[in-house]
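Visitor: Now for the letters of each chain:
4 protein chains.
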Amino acid sequence: MSEKRKIAVVITARPSYSRVKTVLTAIQKHPELELQLIIAASALLDRYGSAVNYIEKDGFEIAAKVFNVLEGENLTAAAKTTGIGILELSTVFDNLKPDIVVTVADRFETMATAISASYMNIPLAHIQGGEVTGNIDEKVRHSITKLADYHFVASENAKKRVIQLGENEAMVFNTGCPSIDIAQEISKHTHLTFNPYEKYGGVGSQPDLSNGYIVVMQHPVTNEYQDSRKHIEATLRAIQKINKPTLWFWPNVDAGADGTSTGIRSFREKYTMKNVHFFKNMEGNDFLNLLNASLCLVGNSSVGIRECAYLGVPVVNIGSRQNRRDRGNNVVDVSYDENEIVSAITTILNRNNRSKSDVYGGGDAGEKIALLLKELPLQFHKTITY
Amino acid sequence: MSEKRKIAVVITARPSYSRVKTVLTAIQKHPELELQLIIAASALLDRYGSAVNYIEKDGFEIAAKVFNVLEGENLTAAAKTTGIGILELSTVFDNLKPDIVVTVADRFETMATAISASYMNIPLAHIQGGEVTGNIDEKVRHSITKLADYHFVASENAKKRVIQLGENEAMVFNTGCPSIDIAQEISKHTHLTFNPYEKYGGVGSQPDLSNGYIVVMQHPVTNEYQDSRKHIEATLRAIQKINKPTLWFWPNVDAGADGTSTGIRSFREKYTMKNVHFFKNMEGNDFLNLLNASLCLVGNSSVGIRECAYLGVPVVNIGSRQNRRDRGNNVVDVSYDENEIVSAITTILNRNNRSKSDVYGGGDAGEKIALLLKELPLQFHKTITY
Amino acid sequence: MSEKRKIAVVITARPSYSRVKTVLTAIQKHPELELQLIIAASALLDRYGSAVNYIEKDGFEIAAKVFNVLEGENLTAAAKTTGIGILELSTVFDNLKPDIVVTVADRFETMATAISASYMNIPLAHIQGGEVTGNIDEKVRHSITKLADYHFVASENAKKRVIQLGENEAMVFNTGCPSIDIAQEISKHTHLTFNPYEKYGGVGSQPDLSNGYIVVMQHPVTNEYQDSRKHIEATLRAIQKINKPTLWFWPNVDAGADGTSTGIRSFREKYTMKNVHFFKNMEGNDFLNLLNASLCLVGNSSVGIRECAYLGVPVVNIGSRQNRRDRGNNVVDVSYDENEIVSAITTILNRNNRSKSDVYGGGDAGEKIALLLKELPLQFHKTITY
Amino acid sequence: MSEKRKIAVVITARPSYSRVKTVLTAIQKHPELELQLIIAASALLDRYGSAVNYIEKDGFEIAAKVFNVLEGENLTAAAKTTGIGILELSTVFDNLKPDIVVTVADRFETMATAISASYMNIPLAHIQGGEVTGNIDEKVRHSITKLADYHFVASENAKKRVIQLGENEAMVFNTGCPSIDIAQEISKHTHLTFNPYEKYGGVGSQPDLSNGYIVVMQHPVTNEYQDSRKHIEATLRAIQKINKPTLWFWPNVDAGADGTSTGIRSFREKYTMKNVHFFKNMEGNDFLNLLNASLCLVGNSSVGIRECAYLGVPVVNIGSRQNRRDRGNNVVDVSYDENEIVSAITTILNRNNRSKSDVYGGGDAGEKIALLLKELPLQFHKTITY
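Protein chains in written order, with our numbering: chain A, 1 to 386; chain B, 1 to 386; chain C, 1 to 386; chain D, 1 to 386.
Note that these hints are calculated values from the structure, not bench results.
Be aware that one or more of the hints could be misleading.
Remember, identical chains collapse to one label, so a pair may be satisfied in a single copy or spanning two.
Under the rule of at most 20 Å between Cα atoms (straight-line distance), these lysine-lysine pairs were calculated in the PhoX-like manner [as the list claims (entries may be wrong)]:
1) K6 <-> K374
2) K65 <-> K97
3) K270 <-> K199
4) K97 <-> K356
5) K160 <-> K368
6) K374 <-> K274
7) K274 <-> K65
8) K199 <-> K280
9) K199 <-> K241
10) K29 <-> K4
Just so it is clear, the structure is predicted and the values come from calculations on it, not from any experiment.
Work out the full structure: start from the sequences and follow the hints.
Guide: If you want it as structure tokens, here you go:
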């Protein structure tokens, strides 16, 4: 009689959860896999959207919670949060004794997962390696690739890069991005299936959404964190000028978040934004439905590059955060400039057709990854291929 | 009037100090550089040879000491030591505000240096990237390459690998290995210039060294740590059989060190090793002089691959620790097998000629690196080249 | 020629700063003392009022900043924040090498200061030991007394208690409370010297203050943290019923702060509080002037017990937080009950006279403490007196 | 149907285990208690005697292991070890959710247990409060008393002190010391029941024990750690002069242990100690049998004050470590002086009678404590009694 393979997945932020939800479901359903779900960092915290609440509501059992966010929202705090993460996660892995640890994407604190697992000789799987963005995330992402034993990448270009990084080709798999799995399901509904004001509260005016609306989500960029306030102000002015019904989402917990948040708060105190409503967070499915029914997305969220490609939602992508990521024809790139942003939005609002792409997969990434986690040989010993 | 550039170098272990000593000297001598020397981890601890004492004796001023070794000598402790290192080093960097941080080689705890510096947007220089060994060190080494902004590598092959890892060619420099700088100086003396028993004490018999002697240095291998006792026993039996005057050095503080140490202690209690003397540690210069005057080196130390290439000292290299590192003709590779080890030593002892190589540089690495640290543009923003 | 004595003072929260400001000034002015000011924990954080900004504005030089607040606002986070505090402060003390460390009052994280100093054999002075409140603060406070070498207490009863705790009578000094020093200065102005809306912003309506106003400041109580929302709601309803101009201050960062904050936010969203304005924080001097000019203070802040005694400001003290602290006749105690609160406020508003007390000192505590820090023998070795 | 009460006991060192072993047994046997045994700090480490091995051999199941010893053996390391202990133990308590946490005695790292439990609102029981020794242990011990909710003390004087410290008399119990429980059992055998050389190895000569022998156990004293080498040397010279068969035990892991260890090693290298054998550690029962059969105990171990009182073994107690602890007539106190030590030993060796005392209890402490842990009301809220 064979034991189930224990698969520990570490989720450190709300967007990471959305990104791997179908992987979690597929692991849980697999008769020979046991899911050990570990929730850490900002995913546990109220002011970053309490991903943990959604996770529990979705019926996942949590094996361990790791509080490791050191307050400060400066760069030292990011380093220390990672250090505390290693201290805590190594204890968790010691207790849970997973057969494989899965880490997701490229946020700074995911390095804690990668180091703990690899230093403890636990095979490490990395989801979403090989992508290119040109910011600190890229250092983290490729550094994790060099610690990881299995690579589940989201596009053909990503696969090529991971292999060129010296990884064994036999351990690199283009599964597509699991976030597309959800987009596929959601894409059936082209209109809003819920009332966002009623369901999510939020603050600000409540513009009428029935004739279309814009969605804004703009995060600080780690290596430009000192400019985060200036950057958000360009977007605020542009949206004010466009003056269409707009739904705006708060930024995540990177260095610079204070600048972004303060920028938004000050602007709101100074000007009446009578067409803008602010949300702290939203369940993944609702957010995708909201996007799918929207006129366009403005900001620098990776959802614009990824899920919106599959959905065909037009995107005004601002600044350097998504630089060099593979993208579909739905994306227009602009700099941190009020006029460019206004102009790009205007063009989109005057357009009729939408442009779809499967550059990030076809909607079955979760199941592909679960199968691989079951079948791959357990190993933590590797060497560069050249 | 221009300020000096502040260069923080973090030393975490005795061998790392030997490896960068000429870099420290060259930085210190450079009129436009200020050395900020940080001593951490096992380099501070008595039972790993107190590198700190040698460093102070050599006249270097220490800017900060970081105690971060968590006891346990298991894999969890290695992870936690790294986590604590990040907590401590980020504070140190916050205080010292270096312009560039330098990290050395590939020991597990050097990752703490790399993460703290890169997360704090301090340009990171890495010495000795691009090498290949096939053990956990390799995960660490290449992972640090992906966090580092400048690469000072020790051989042409290493340079090629770092570039192939997607690093900007303009930031990769084959300076040669700084350890060769010391070897060059030392190579003038072909006989022992000191009495090792008198100067370093140690335990065991004191065989006559005047007709030649063998040196042994064998460390545990991180991803084989459960076999470290078995591995050291093969070497112990081989040396017992050869029965020549032998000087044996204790292992460093990797996971598995308990196995290696216990193996040596048990063997000594069971058998009389009447031709073997044990040392805990030795100043770098003396150690190189000792090697240069020896018949051969046995074990898995990188000094056999590196300095011994320049010196032409024959080496019996055991097991996987130095796998795929570039090597000169002075090296014979064997597995963890008593008979293979005996046979390789015997062949060497019957040979007459020595074989030298400059594969790891020509003796001016320290100065080359100091010049680059002065001249290179300060930057911490990079992207993969493909 | 004698060296100055180095006095490290660790400030971990905004109220602690107000409490020791005159001590800092007196140390700084003393020709034979050197102040080493260390700012830590919530005193560094924006969302707890950034005490650090006021400290710098007041002209104090900061020797070290220690970020150690682990996010979570649960009890585990309080413990971990203290653990991180010890890790960081021991490094700071190692660098600054103070002759004496001063810790203030009884917040949970002050234990980190006390442990680091006492474990490192640095003489520890404690300000405001010996008081009684009946909550978790009391465990912390008396526990620190047993680690401290010098005790600067604020009242005769406190002095008796510290001595009864087995401390050497020769090391226990009733200096009065340094917060009274500031109150003394401020008491010269019986009317508002600034416009609080203009100077501090804040949110909510801006009631006319010229005919008197109420001040509210109510913190969560650590060992009742699950009820913090219910407790604040009783006060909210009472203030709503009284319906006088009211200035309300946000709570500090204890366990339970989320409950208190959420309680306030929800109430505001549900009801219009047309006579209430909310402030996040205020400079100490302005706050005392505001209190001195007010009709009364409502809540559970220690300022009501302490400074308001000297000033003669009437106080409605709610719940257990200030239980058994010595108090003047200015205080009326009530439970977490809407009606009791309403009734007590009403009685005060109908009264004419004010009642002053010097139970917490006469306004020269800062100078007394600085003199003692200069004169006391340096010692860290003690034994219980019975 | 009632749930069992979960009692978490944290053991951080070998002597602490011996001290509470009968408590563990009694908890385990009690049908309404569940033992959650947590092993931490030096109790896990080989070079401090691996208490964990004895614990497992004795059949106790370990609920969690906590590695928190930071290497350094200086005072900063003691502080940091405590900080890491808090980080780790708070996670453990969060997972195990004990109803009561039990902490033992007064070693510096036990403060981590006390802080984690009390900050997390878990009722805390303290074994062996109220004793007086005059060193850093005393700061720790009384400080823990002020954090603890239940007090299980070992003597009437200790009980009086804890009550005078302001603790509620109803929560202070003189149970006697659990270590006496073991002594009672052991006292039946007045001769050695095992061969210590065969069973425990150790190093040095193997003197004949049949005509009596001396036992030595001397630890460094925390607040005299810089003199630890000088102190041990006085004892070494005294024992050398007495020249009787002697069994010597290595010191524990306090600050200063390096001095003590180095002192012993150097002395052994310089002089032949032909009547002295050295042990690293010994099972508690064997050690008591060894003491009971010995001529006398020399050093500063608390076993001399405590178990030897019950057994009537003569003790030469050196220096300040046991100052002011209650003691029976079996103890002779001397200073760190070769001549005094020699003289005291000589007097004892010429004496005939032995002197017993029940000052530390009658052998039923374990069961008394288990009963109280079952019966006491669960509470973590307290206030000083005066």
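Visitor: Using 20 Å as the alpha carbon limit, work out where K65 and K97 are close: within a copy, between copies, both or neither.
Guide: both (15 Å within a copy, 14 Å between copies)
Visitor: For K270 vs K199, is the C-alpha pair at or below 20 Å within one copy, between two copies, both, or neither?
Guide: This pair counts as between: shortest inter-copy Cα distance 16 Å, intra-copy 28 Å.
Visitor: Please sort K274 with K65 into within, between, both or neither, judging by C-alpha distance up to 20 Å.
Guide: neither (40 Å within a copy, 42 Å between copies)
Visitor: For K6 and K374, with the copy left unspecified, which applies at a CA distance of at most 20 Å: within, between, both, or neither?
Guide: within (9 Å within a copy, 37 Å between copies)
Visitor: Reference check for the pair K199 and K241, CA-CA at most 20 Å: within, between, both, or neither?
Guide: neither (28 Å within a copy, 31 Å between copies)
Visitor: Tell me, please, which holds for K97 and K356 at an alpha-carbon limit of 20 Å: within, between, both or neither?
Guide: neither (42 Å within a copy, 48 Å between copies)
Visitor: Indicate which option fits the pair K199, K280 if close means a Cα-Cα distance not exceeding 20 Å: within, between, both or neither.
Guide: Classified as within: same-chain Cα gap 12 Å, cross-chain 29 Å, threshold 20 Å.
Visitor: Check K29 against K4 for me: Cα-Cα at most 20 Å, and say if that holds within a copy, between copies, both or neither.
Guide: Classified as within: same-chain Cα gap 12 Å, cross-chain 35 Å, threshold 20 Å.
Visitor: Given identical chains, is K374 near K274, meaning Cα to Cα at most 20 Å, within a copy, between copies, both, or neither?
Guide: neither (52 Å within a copy, 54 Å between copies)
Visitor: Could you figure out if K160 and K368 sit no more than 20 Å apart (CA to CA) within one copy, between two copies, both or neither?
Guide: within (19 Å within a copy, 35 Å between copies)
Violated hints, listed in ascending order, are 4, 6, 7 and 9; each of the other numbered hints is respected by the structure.
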